[in-house]
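Protein chains: 2
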Amino acid sequence: MSKNFELPPSLSINGNEKIAKDILSRIWGKQGMFTCTVANTLTSTIPGLSDAGDTPELTMFTPAADAELLVLGKTVCMKGIPINPGGIPTPATLTQAALELSKIPYLIVNGGCKVIPNIPCIEVGGEYGEKVTTGHAVKHVKEVFEKGKIFGELLAKSYDFIVISESCAGGTTTALAVLMAMGVVKENLVSSSSPNNPKELKTNTVLEGLKAAGINIGDLKDDPLKAIECVGDPMIPVNAGILIGAAKHIPVIVGGGTQMAAVIAAAVILDPSVIGNIFQGTTRWLLNDPNSNMIKIMDSISPDIPIINVNMDYSSSPYEGLQAYEWGYIKEGVGCGGASVAAIIESEGKITCDDLLERVHKIYKNIMNFD
Amino acid sequence: MSKNFELPPSLSINGNEKIAKDILSRIWGKQGMFTCTVANTLTSTIPGLSDAGDTPELTMFTPAADAELLVLGKTVCMKGIPINPGGIPTPATLTQAALELSKIPYLIVNGGCKVIPNIPCIEVGGEYGEKVTTGHAVKHVKEVFEKGKIFGELLAKSYDFIVISESCAGGTTTALAVLMAMGVVKENLVSSSSPNNPKELKTNTVLEGLKAAGINIGDLKDDPLKAIECVGDPMIPVNAGILIGAAKHIPVIVGGGTQMAAVIAAAVILDPSVIGNIFQGTTRWLLNDPNSNMIKIMDSISPDIPIINVNMDYSSSPYEGLQAYEWGYIKEGVGCGGASVAAIIESEGKITCDDLLERVHKIYKNIMNFD
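Those protein sequence lines, which keep their order, are chains A and B.
For the first sequence, position 363 (counting from the first letter as 1) is numbered 363 according to our numbering, and the numbering increases by one without interruption.
Count along the second sequence from 1, then add 371; that gives the number in our numbering.
Source of the hints: derived by calculation from the structure; they are not laboratory data.
Since the model is a prediction, treat every value here as computed from it, not as a measurement.
Check each hint, because a few of them may be wrong.
Stated by the list, open to error - In silico DSS-like links for lysine-lysine, alpha-carbon gap of 27 Å or less:
#, chain 1, residue 1, chain 2, residue 2
1, B, K445, A, K103
2, A, K226, A, K30
3, B, K474, B, K510
4, A, K74, B, K557
5, B, K528, B, K557
6, A, K248, B, K445
7, B, K474, A, K103
8, A, K248, A, K157
9, A, K157, B, K592
10, A, K139, B, K557
11, A, K142, B, K592
12, B, K474, B, K392
13, B, K733, A, K157
14, B, K450, B, K485
15, A, K142, B, K485
16, A, K248, A, K226
17, B, K667, A, K30
18, B, K582, B, K592
19, A, K157, B, K721
20, A, K186, A, K157
21, B, K450, A, K157
22, B, K485, A, K114
Please model the entire structure based on the sequences and the hints provided.
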């Protein structure tokens with residue numbers, strides 16, 4: 001691998017191409033490890049806020065069910081798989097496809113769940129989060145962050161790169177709140193798993209949280225852990241810790257959409273030296289979303305953190321539940337973009353979007369008991 | 372790798388050579404994963420029973436401290452490192468050397484600790500164990516066993532082999548109790564971390580436990596989970612689960628001494644199909660112990676589970692704390708034998724006993740703050 005690095009058509013680079021290609025060339029064909037941090041925030045139960053579940057109550061089951069799906073191939077904590085209203089399946093289906101094809105090892109981290117997945121998880125001492133509107137949304141932030149850092153350092157001893165990711169319903173709202181508390185964004189640029197992003201409700205909820213915490217936009221520019229404690233969710237400090245612990249030694253792919261922007265924003269304030277060793281791994285769907293602006297958010301964090309997306313396209317899928325991804329539903333989550341990017345990297349591009357789509361169909365058919 | 376498989380001088384095979392060489396040839400140079408399950412049993416606080424700690428009270432800190440040593444390179448839950456009375460250092464020093472040299476990935480599993488290590492662990496829902504003399508020594512056995520199985524299956528998706536191991540002070544007594552409840556042994560053949568194995572005290576303690584549980588020797592021949600629940604410790608069901616979950620797909624190295632015999636005995640009753648895909652990985656010290664008889668225990672479990680030992684020899688070490696291993700102290704623990712065997716396998720024999728000894732000296736000097 002060298003400067004002549006050729007990007008396969010399954011991947012696209014956005015932002016700083018030089019850094020992206022430098023990192024890619026260092027991990028091309030090497031061995032990665034995928035982690036997904038699951039957590040609950042009661043924020044997801046605010047009616048109308050989160051579509052990551054068929055009802056506001058069911059959003060609390062989505063992280064645990066996603067984790068069970070990845071590890072067991074089925075859910076135990078609830079009947080059926082996590083769906084958005086309308087029956088659109090969780091992006092964990094794509095994550096699973098990428099992990100199965102690549103055989104990349106993976107672990108679930110319990111960032112703090114109210115509904116705990118029925119599988120062995122990495123425990124970091126987290127607790128489920130309160131509603132962002134309370135202004136004291138996350139407990140044990142410092143402890144959980146430190147444990148995350150230790151975990152990142154441990155993984156860096158044995159792997160060439162890692163992927164971090166999340167399943168935390170309601171998390172785009174808490175991400176927005178953290179980004180605003182830190183002054184990274186001053187307006188609502190975050191995504192939604194619905195094409196009808198409830199932007200006004202989200203913004204008002206965030207402003208209520210900031211007010212309850214007694215902070216103005218940008219007040220916590222230099223204190224991300226405090227911002228997380230006030231208005232974040234339990235997924236953010238674990239992943240910020242894992243990122244920093246690992247990225248001092250090996251490249252880290254931050255798998256996910258705007259939720260993970262809060263992780264990156266917090267991490268680069270806590271340890272700017274990670275820049276140059278991280279990129280975001282996501283989907284084409286997320287970047288094409290007209291209702292959010294990942295690239296703008298990332299620009300205001302740092303011009304030196306590229307975004308690499310997998311060019312998955314479900315428009316030719318025979319299943320309406322999957323076609324819906326092309327209509328603006330879901331877009332990202334459960335590290336589906338990061339896992340796909342990692343599978344392509346580890347296989348030196350031998351795994352393609354077509355391979356992934358075929359495996360997603362197999363998984364989807366199996367889950368839905370289609371013939 | 373083929374039938375002409377040549378064993379390096381750093382390893383010796385005991386028992387079924389054909390099966391040992393078959394497994395070795397399938398994993399030689401392949402990629403493994405090391406796990407160590409830490410747990411507490413109050414059995415270790417019975418005065419005179421366990422030497423895995425400077426005092427009976429300190430034995431409760433030994434598992435957590437061993438785990439911290441492997442992950443952090445230092446202890447947090449206590450001052451100094453776990454030692455036997457007389458200052459003989461924990462075998463985790465050898466485990467650490469093997470993991471550092473080989474870069475084999477590793478994870479700590481919390482089987483059920485009262486003193487919880489200050490690191491991220493795999494959580495399986497275990498709780499610390501009561502004294503074996505109560506006759507109801509372990510809670511949640513079935514749940515913990517099932518979680519262990521899921522974890523073993525998860526690891527088997529991505530690795531070519533795994534090592535399971537333990538740090539659980541007091542565990543030779545609970546192992547003896549389980550082996551007697553199952554009728555695998557009818558006399559005390561288990562080891563001790565002291566050269567003055569308190570065999571009579573152990574036997575009497577075990578008989579008290581069996582009596583309290585209302586069971587006779589051999590009564591639970593076909594119900595190992597019940598035997599563990601009555602007179603075992605929380606390490607045993609997790610490791611039996613991991614073994615079964617993984618060994619259906621990939622070879623499993625059972626790292627450790629007579630404590631792990633209880634794990635093997637339970638696992639082969641629960642799923643005899645694992646035989647042919649497992650061997651015990653241990654040390655020369657354990658097999659040379661005149662006060663225990665690992666080979667006899669294994670013979671009565673199955674003639675088809677070989678023992679492969681690493682030929683570490685500390686007699687030329689300049690440190691008395693390490694020379695003590697040659698005088699019958701410690702012998703095994705924290706998967707030191709299994710990790711060493713795995714490091715030799717993964718490196719295709721390039722890592723030798725001399726390399727391991729050199730690294731142990733470095734680690735020991737560093738921990739003890741010698742010049």
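Hint by hint, here is what the structure shows:
1. B:K445 x A:K103: violated (33 Å)
2. A:K226 x A:K30: Violated, because 36 Å separates the two Cα atoms, which is more than 27 Å.
3. B:K474 x B:K510: violated (35 Å)
4. A:K74 x B:K557: It is violated: about 44 Å lies between the C-alpha atoms, which goes past 27 Å.
5. B:K528 x B:K557: violated (39 Å)
6. A:K248 x B:K445: With a Cα-Cα distance of about 20 Å, the restraint between K248 of chain A and K445 of chain B holds, given a limit of 27 Å.
7. B:K474 x A:K103: This hinted pair holds, its Cα atoms lying about 19 Å apart.
8. A:K248 x A:K157: At roughly 11 Å apart (the allowed maximum being 27 Å), K157 of chain A and K248 of chain A satisfy the hint.
9. A:K157 x B:K592: violated (42 Å)
10. A:K139 x B:K557: Violated, because 52 Å separates the two Cα atoms, which is more than 27 Å.
11. A:K142 x B:K592: Violated - the C-alpha atoms of K592 of chain B and K142 of chain A are around 49 Å apart, more than 27 Å.
12. B:K474 x B:K392: holds (24 Å)
13. B:K733 x A:K157: With Cα atoms ~18 Å apart, K733 of chain B and K157 of chain A stay inside 27 Å; holds.
14. B:K450 x B:K485: It holds: about 17 Å lies between the C-alpha atoms, which stays within 27 Å.
15. A:K142 x B:K485: Holds, because 23 Å separates the two Cα atoms, which is no more than 27 Å.
16. A:K248 x A:K226: Between K248 of chain A and K226 of chain A the Cα gap is close to 23 Å, so the pair holds against 27 Å.
17. B:K667 x A:K30: Violated: K667 of chain B and K30 of chain A sit about 44 Å apart, past 27 Å.
18. B:K582 x B:K592: Holds, at about 16 Å.
19. A:K157 x B:K721: holds (20 Å)
20. A:K186 x A:K157: violated (39 Å)
21. B:K450 x A:K157: holds (25 Å)
22. B:K485 x A:K114: holds (23 Å)
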